[in-house]
Amino acid sequence: MTSGPRGLAWALAALLASGCATAGAPPAADRPAAPGAEKNPYPSTYRPLPSGTTLIRGATVLTGTGTQLDGADVLIQDGRIAAVEEGLAAPEGAEVIDAAGRWVTPGLIDVHSHLGVYPSPSISATSDGNEATSPVASRVWAEHSVWPQDPGFPRALAGGVTALHALPGSANLIGGRGVTLKNVPSRTVQGMKFPGAPYTLKMACGENPKRVYGRRNQAPSTRMGNVAGYRQAFLDAAEYKRNRDRAERGGESGGRGGGGRAGGREGGRDLGMETLVGVLDGEILVQMHCYRAEEMAVILDMAREMGFGVTAFHHAVEAYKIADLLAKEDVCGAMWADWWGFKLEAFDGVRENIALVDAAGGCAIVHSDSERGIQRLNQEAAKAMAAGNRAGLYVTRAEAIRWVTANPAKAIGIAGETGTLEPGKAADVVIWSGDPFSVYAHADRVYVDGAPVYDRTDAALQPVTDFELGILPAGEEE
Amino acid sequence: MRPRRALRVLAALAALAAAVPAADSAAQGGSGAWAIVGGTVHTLGPAGTIENATVVISGGRIQAVGRDVAVPPGAREIDARGKVVTPGLFDSMSAIGAVEISLEESTRDFATEQPRLGAAFRVADAINPRSTLIPVNRIEGLTRALVAPRATTGPIAGRAATIHLGGGDPVTDPAAALVVALGEEGAERAGGSRAAALALLAEALEDARDYARHRAAWERAERRPYAPSRLDLEALQPVIAGEVPIAAQVERASDLLAALRLAREQKVRLVLVGGAEAHLVARELAAAGVPVVLDPLANLPESFESLAATLENAARLDAAGVAVAFTSGESHNGRNLRQGAGNAVAHGLPWEAGLAAMTRVPARLWGLDSYGTLEPGKDADVVVWDGDPLEVTTAAERVFIRGEAVPMVSRQTLLRDRYRDLGGPLPPAYDKP
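In order, the protein sequence lines correspond to chains A and B.
Final position of the first sequence in my numbering is 478; the numbers increase by one with none missing.
Final position of the second sequence in my numbering is 433; the numbers increase by one with none missing.
All clues stand as given, with none of them false.
Okay, derived cross-link-like pairs now, SDA-like style, lysine to any residue, Cα gap no bigger than 20 Å in a straight line:
{"no.": "1", "chain 1": "B", "residue 1": "432", "chain 2": "A", "residue 2": "348"}
{"no.": "2", "chain 1": "B", "residue 1": "432", "chain 2": "B", "residue 2": "135"}
{"no.": "3", "chain 1": "B", "residue 1": "267", "chain 2": "B", "residue 2": "207"}
{"no.": "4", "chain 1": "A", "residue 1": "328", "chain 2": "B", "residue 2": "420"}
{"no.": "5", "chain 1": "A", "residue 1": "328", "chain 2": "B", "residue 2": "423"}
{"no.": "6", "chain 1": "B", "residue 1": "83", "chain 2": "A", "residue 2": "438"}
{"no.": "7", "chain 1": "B", "residue 1": "83", "chain 2": "B", "residue 2": "352"}
{"no.": "8", "chain 1": "A", "residue 1": "328", "chain 2": "B", "residue 2": "424"}
{"no.": "9", "chain 1": "B", "residue 1": "432", "chain 2": "A", "residue 2": "293"}
Label pairs and their in silico Cβ distance ranges:
{"no.": "10", "chain 1": "B", "residue 1": "428", "chain 2": "A", "residue 2": "218", "range": "31 to 39 Å"}
{"no.": "11", "chain 1": "A", "residue 1": "305", "chain 2": "B", "residue 2": "128", "range": "37 to 45 Å"}
{"no.": "12", "chain 1": "B", "residue 1": "370", "chain 2": "A", "residue 2": "123", "range": "37 to 45 Å"}
{"no.": "13", "chain 1": "B", "residue 1": "257", "chain 2": "A", "residue 2": "309", "range": "53 to 61 Å"}
{"no.": "14", "chain 1": "B", "residue 1": "242", "chain 2": "A", "residue 2": "123", "range": "36 to 44 Å"}
{"no.": "15", "chain 1": "B", "residue 1": "51", "chain 2": "A", "residue 2": "50", "range": "47 to 55 Å"}
{"no.": "16", "chain 1": "A", "residue 1": "89", "chain 2": "B", "residue 2": "352", "range": "45 to 53 Å"}
{"no.": "17", "chain 1": "B", "residue 1": "430", "chain 2": "A", "residue 2": "269", "range": "50 to 58 Å"}
{"no.": "18", "chain 1": "B", "residue 1": "304", "chain 2": "A", "residue 2": "309", "range": "38 to 46 Å"}
Source of the hints: derived by calculation from the structure; they are not laboratory data.
None of these values were measured; they are calculated from a predicted model.
Here a beta-carbon is modelled for each residue, glycine too, at the ideal position from N, C-alpha and C.
All chains, full assembly: derive it from the sequences and hints.
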């Protein structure tokens, strides 16, 4: 919601936004039309970059599990965290990095990004984040808009971001599927897709959908119209699911949709319905853009009524007003450290929002929703931590790092794979020049699956997108 | 401070002392005499940084700064040992006071669709001193801003105001700069080319000059018609006289040079705002003595006019001798200005230059003689920080604006306090902190 002085962006356009593959790691090359193929027709082709054995020695380590270890070693082998403890011996052939005075954290994860779908440059030709042509756009998938050459990706990498969740915008009640990406350069979006990450569904509350459609004199134009829209969509999906289940019991070809929606195609597939049924089946995680307290409470009941769960509320500017409810329902809140006031539903922002959700026992997340903010998630977490501490909430760095690592991993269903520095997890690791809760800290080196993918002092490990290659005269490149 | 004046001040303070209780709490505001004792004081003036120093405030002004300054009798004392003391901060491009909710048109006054108003549009007349944005930002150390209009119907947006965020009338200068949009935004406003925006601006300035020389003839309809309206021509007079700078929003290197040419030809003062690619033409900017207002966090090729955007922009400009001031680029969170400064420092800008870009430099750019440093006689805009003000975990503990202690309360702190502990016997609406 901000931009530089160029746009004097207080007059912003409030386009906010918010998926992945259900099956496990996909088969490599050929894809036979196996049963369930329509659940993962664009499988990840991600392969880790080349890696060796690395021993990071003598760092202050925030493990992402709520622990800070001083003077500890982190051993990376075969792309995985092998050990985190003091005084590890370097295996034969290991690269040993002296990290005395430096800090090590899990790779940061942004649970709310529009990189790739609203890339830089921000021009009409690249505006691919909102299919704002009908309020229920469950048929669209963000991955089909992602431009891997977005210069935002390498900049986020320089900020220590190793995974991100790219979402459709929030113009629609149901905006489409999100996609979870590894922040590694690739020629294709499939080459960035996080293997095994579940698909997600972006939905939106409040002002955005009712503004976008209301001014076209179309539904929804009110908040009650918003809720009617979600309910009808999921009632239709439930019927589609019943028809599908009946067809499957009747021995028709597995997984084929049975039609059944009013006006639906008998026996044919309905892309939008397949996604909503995926939500009802618990395979697709709902990511709900919602600012106000009473709207989040209504959504929780609506989801219960329709037979699904909400995984995370995004933006959640008023989460602090219902922090107890969010904790009880085990729904994550993905929030900004301090954005407020750009629209009325963001008017009640407080600096302590994230810390208050955390203190109530909830799953608190710092998200960016910004191609600038994603570069500094550590600083955003630092501001939120400091505000919490001034309010007497006693947040440690070891706890606050979870807001940008373990908790976002949980919210997008990849916590079994990344988000903490525990033996066996993927070696998504950042070595910081100092305390990552300082404005002066830099990500010195970033690893994804044990492979060094960025190094601040080694130009050979600083990826440049096609877009930026040669776009300035020689000698003027950044 | 001259000694005789100091004595007068001390006498006045002594008289005041009887009436003022010495007690003091962080939430309490108020004017009167204050002594901030024992902090590390960054004066931004010739005295530089002074450790273990005392700052004496009274009558709205700084009376004394130094290590051996006595606390005047009756002055309320603030223990600043271990703290950092700086001038209040200045956001050099904002709309604080001219917007409440960005998306609600009824609360936005920084732009007009009225095509008859160009330079004559003066945003100062719309500023609301009771805006919620003011307390939210000032309790975090932001005490001043340039409130700028935005171009809509032509490249000339109107006149920007300097404001303070303390009590009373916030406007310190209703016409501190003429804001114009060049580059892409100027092109859009001028009919589709950045060259058209430059031509319209040059025409307006030339007409204003002709008007100045032939006003009487023009009044008698014996002079050619001018493109700008009478009100616009009047508003342009201080600009062509070199009294008020043009603040030109421009990003691309070639547009920056075109703005320099125009300023030279038209003999007007120029401040460049935005300047994403300014580091590419740093030498030319330094030679022309033209300063740049920039957002240190603008490092993406957000458009084809900012392809060379970099986090090192401020550092490279400063190294070349260009005066740099900062903007947060937003109004609600002008309080994040110092995070931008911290990032600029993390990318090579000297720390002192980072602080100056939010204090002393904007004071000079926008013609505020009474603000910008901690020197005797200056307006007492003073912030006591619990650490390095450029650090994201640091907070302002005390804020003075023109000598008044700001109550450390905003709508946000009240909401926080209301919801700090959930589960009381009554709904939160009964909790009025």
